[in-house]
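K.L.:
The lines below spell out each chain.
Protein chains: 2
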Amino acid sequence: MHNCHTHNACIETALEAAVVICDDGGLRFTKLRRAVLELVWTSHGPIKAYDILDQLDSSIASVTPPTVYRALDFLLENGLVHKLSSLNAYVGCSHPHRHHECYFLICTGCGEAMECCNSGLVDAVALTGRQNNFKPKSITLEITGECGDCQGRH
Amino acid sequence: MHNCHTHNACIETALEAAVVICDDGGLRFTKLRRAVLELVWTSHGPIKAYDILDQLDSSIASVTPPTVYRALDFLLENGLVHKLSSLNAYVGCSHPHRHHECYFLICTGCGEAMECCNSGLVDAVALTGRQNNFKPKSITLEITGECGDCQGRH
DNA sequence: TCTAAAATGTTATAATATAACATAATGAGA
DNA sequence: TCTCATTATGTTATATTATAACATTTTAGA
Ligand SMILES: [Zn+2]
Ligand SMILES: [Zn+2]
Ligand SMILES: [Zn+2]
Ligand SMILES: [Zn+2]
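Chains A and B supply the protein sequences, listed in that same order.
Reading the first sequence from the start, the letters are residues 21 to 174 in this note's numbering.
Reading the second sequence from the start, the letters are residues 21 to 174 in this note's numbering.
Errors might be hidden in some of the hints.
Because identical chains share one entry, a pair is satisfied inside a single copy or across any pair of copies.
[Unchecked claim] With a Cα cut of at most 35 Å, we get these calculated DSBU-like pairs of lysine-lysine:
#1 51 - 155
#2 68 - 155
#3 155 - 103
#4 68 - 51
Source of the hints: derived by calculation from the structure; they are not laboratory data.
Using the sequences plus the hints, can you model the full thing?
P.N.:
Okay, structure coming up:
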């Protein structure tokens, strides 16, 4: 379950952060990109590209796959969303100002994806790299299971 | 790069291990499943479902997607192959007798996926679970980067 | 204003995976 | 050996996810 009791505030915060990041980076946070990021955040859990497409207001952009995928590409490149490969779904980055290595606890009960940063994990990955003479560039770490709230409900 | 200088032996070993595992588990290691596992192993790196389909001998089975996906499902369920979600590709498990938590170092240079088991990483994941009151069931950990052999070649 | 670059529109198609139902093969018990 | 239920495979169609290719519009700076 999401633990932000005021999810609207949560969405607003994310959008404001995106504005700052784009301003700082000289990036264009267009109406479309904003709309897509807002849809991603409005969904409480990971959302699929075609669900974004379904929900996209046709007055904002052409409702076709390239529209959504391009916006997602922009958001991914700039660290505003993450892709969960194991689900083919997208989720807003909850700390876009400093998203080094992020990983996800994905609950099969409620569908929420909790984003974590943990130096222990990061260190373990780095060590593995060194041990294998391997130079890591990007990491996909998705842990599927049951969150605390859902473990009770059987 | 794969470091098994006799990859044929490597394939044979994997097939023999599969026979043992299926025998022990009362599972049917059919001609089709064997053929698909062999194709997975014959590929030096991760292989895609439709590439398996292309290479599947039509005298063994009907060359249609369900054929391949069903065989892959069987092999996945029984720990004989892994799916690399970040690539939508499949790779043979290199230690199917005891594949607890596996992760992969995927080289963008040569395409190889090296399977690792590292208690440090496993422990870090477990700790993260406890800290977040989250009960992990399955883990997707794919590290993309450059292997030692490929770091030289620029 | 002019213009090159970036963003979006548009149409088509590629790539990945599953649904649904039919048939065949297998193997355990009668 | 003969059911017959289960498992595996065949077959056809379709769902889902993502990109290619090219046209047009918008933007921001010179
Ligand atoms: Zn993040
Ligand atoms: Zn949950
Ligand atoms: Zn394995
Ligand atoms: Zn390599």
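K.L.:
Now, for every hint given, state plainly whether the structure supports it.
P.N.:
Structure-based check of each hint:
no., hint, in the structure
1, 51 - 155, "neither (38 Å within a copy, 39 Å between copies)"
2, 68 - 155, "both (31 Å within a copy, 24 Å between copies)"
3, 155 - 103, "both (22 Å within a copy, 22 Å between copies)"
4, 68 - 51, "within (20 Å within a copy, 37 Å between copies)"
Consistency note: the structure conflicts with earlier hint 1 alone.
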